[in-house]
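K.L.:
Residues per chain are reported as follows:
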Amino acid sequence: MSTTIDPAAPTSLSTALRSAPVSLGFRHDLRGVRVVWQREMIRFSRDRLRMITSLIQPVLFLFVLGTGLSTITNGASSQNVNLRTFMYPGALSMAVLFTAMFSAASIVWDREFGFLREMLVAPVSRWSIVLGKCFGGATTSTLQGVIILAMAGIVGVPYSLPLFLTVFGELLLLALTLTAFGVMMAARINQIQSYMALNQMLLMPLFFLSGALFPLGNLPAWLQVMTRLDPITYAVDPVRRAVFAHLHAPAAVVHRLNPGVTWGSWRVPTSVEVLIVAAMGLSFLAVAIWQFQKAE
Amino acid sequence: MSALTKSYGDLVAVDGVDFEVAAGEVFGFLGPNGAGKSTTIKMLCTLVEPTGGTATVAGYDIVRQRDEVRRSIGLVFQDPTLDQYLTADQNLRMHAELYGVPRAALRERMTHVLRMVGLEDRRSARVSTYSGGMKRRLEIGRGLLHAPRVLFLDEPTVGLDPQTRSSIWRYINDLRKREDITIFLTTHYMDEAEFCDRIAIMDHGRIVVMDTPEALKASIGKDRVQITTDDDEAAQLALKSRFDLTSLIAEGQVTFAVPAGESFVPRLFSELGVPIKSVSVSRPSLDDVFMSYTGTTIRDAEAAAGPNQFMRAMANRVR
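Going down the list, the sequences are from chains A and B. First residue of the first sequence: 60, per my numbering; consecutive thereafter. First residue of the second sequence: -8, per my numbering; consecutive thereafter.
No lab work stands behind these hints: they were computed from the structure. Possibly wrong hints are sitting among the right ones.
[Claimed, not checked] Straight-line C-alpha distance at most 20 Å; calculated SDA-like pairs for lysine to any residue: (1) K126(B) to G173(A); (2) K126(B) to Q154(B); (3) K353(A) to V54(B).
[To be verified] In silico contact screen, one side only, chain B against chain A (beta carbon under 10 Å); selected entries: (4) H137; (5) T203; (6) E205.
For glycine and all other residues, C-beta sits at the position ideal for the given N, C-alpha and C.
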């Protein structure tokens, strides 16, 4: 004996749909990516509070901490370049970092509230769901970065289209990598509290060690090593290089505030830094997809 | 498929289940929590891979043709799976995209299912403003959006108040008249099982019996008599020795089945020898069917299934 559920003979309104060509396959999966992304956009646009709250921290760091600490450093060797200007690339990265990691939490929410299941049982590839989620988180967090980017003039960075485009591209890459990292972590976490705790544990060390707040030259050896291990370092540095390339400051000051990332005595070029961030992003994405492929 | 089996480690959740469901049928799985109903449904919906046996749904193999199966079925789970922050329309559109519903047909189809579940006037409202019954109806509507051939309803009315339950059933009955569809549902409410064309009673991972509700009730052929006494065990012994009747003590009552229950009651009072406090006689119900095939009432079975469910949760975790 066998267990068989026979298809009902199609009639009425269902007829057309049942006999329609079933468009499963790559194009259908792309449709899946798009709709998952769209949902993130709808939800983000409804959540104005989140937009504002995630901007508070970078703005605090930039204007309160940056202005406050500049009373100590002013009169020292960093003439012409305000501490706020120095911290600006860090604040840009911070806006993206915090929003990207937070947006990946939506997977955990979806799991807790059941909606993840609706997506996972659909006849659509798991990779398209993961990719849609990553694109969604990357879009929202890059948008946050763009808001900070619009504040360039206030911190003494000239408005320039090439600079804007370069930084935009670099932030987008960072956002994609971080969202993929967040999604990878979220794949195994069932409770929003656990995800948030993990987030808190990771965010601050990643941020402090990334060179967002202080130059990475002349550090004690232990700190030197730790900053080089922080992946965010390789995302902050290209942004800082781009910003400093558009400043008119004495070479000595630039050298002091923008020493770049060095391995031994080799200064890691921007292209390698970008490759490091991209390679990490792709690996996180691969692991995330692999984990969701296994999930029930 | 035959002998569909799912085990988690040493725990066998579903133990060699065999059945066929015809097109257009409303087929119900009845059994206490932990009997293996949901696991069987999950296997048929390709959410869980069977550890043994095979099955086809709408002509597709549940292991080798997962996407085809998923495209041909609609699913309504025990737990809600709506996005509460989106409107009904947005939830439906999202579903349509994930299931590859042609865009040209989408508008009409969405209106059709919303009308069917009586939510057309609330389509632009966020789901978070819906009542429990409305959410459930929207989920049923969403499950139908891509014109599935088989609709799976896992405990469609669990956690809803009686009034909403009956309205959900009105929609389900309406649905089978209007759409040519096979409905496969699980329930542990006996009264709901009556709505099914055929039911299978499941217990401890096996199908105990399978037939139409009428045939199952007729197969009992006897009325149910329930008595409460001062000494239930003495009453049980007396029933055995004087009338050769086997009885059960369930829910604080001694229960047994006899042909022509009403005319038996006077004999019972005069011959039992144990004081009787109350007596009730009823026509066989699905409760009796369940009791006669599994030796317990569904509520007692559920109470006993407690540790079993805990084991299953643990097994899930270890996985």
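K.L.:
Look at each hint and say if it fits the structure.
P.N.:
To see whether the hints hold, each was checked on the structure:
no. : hint               : result
1   : K126(B) to G173(A) : 13 Å, holds
2   : K126(B) to Q154(B) : 15 Å, holds
3   : K353(A) to V54(B)  : 15 Å, holds
4   : H137               : 7 Å, holds
5   : T203               : 18 Å, violated
6   : E205               : 22 Å, violated
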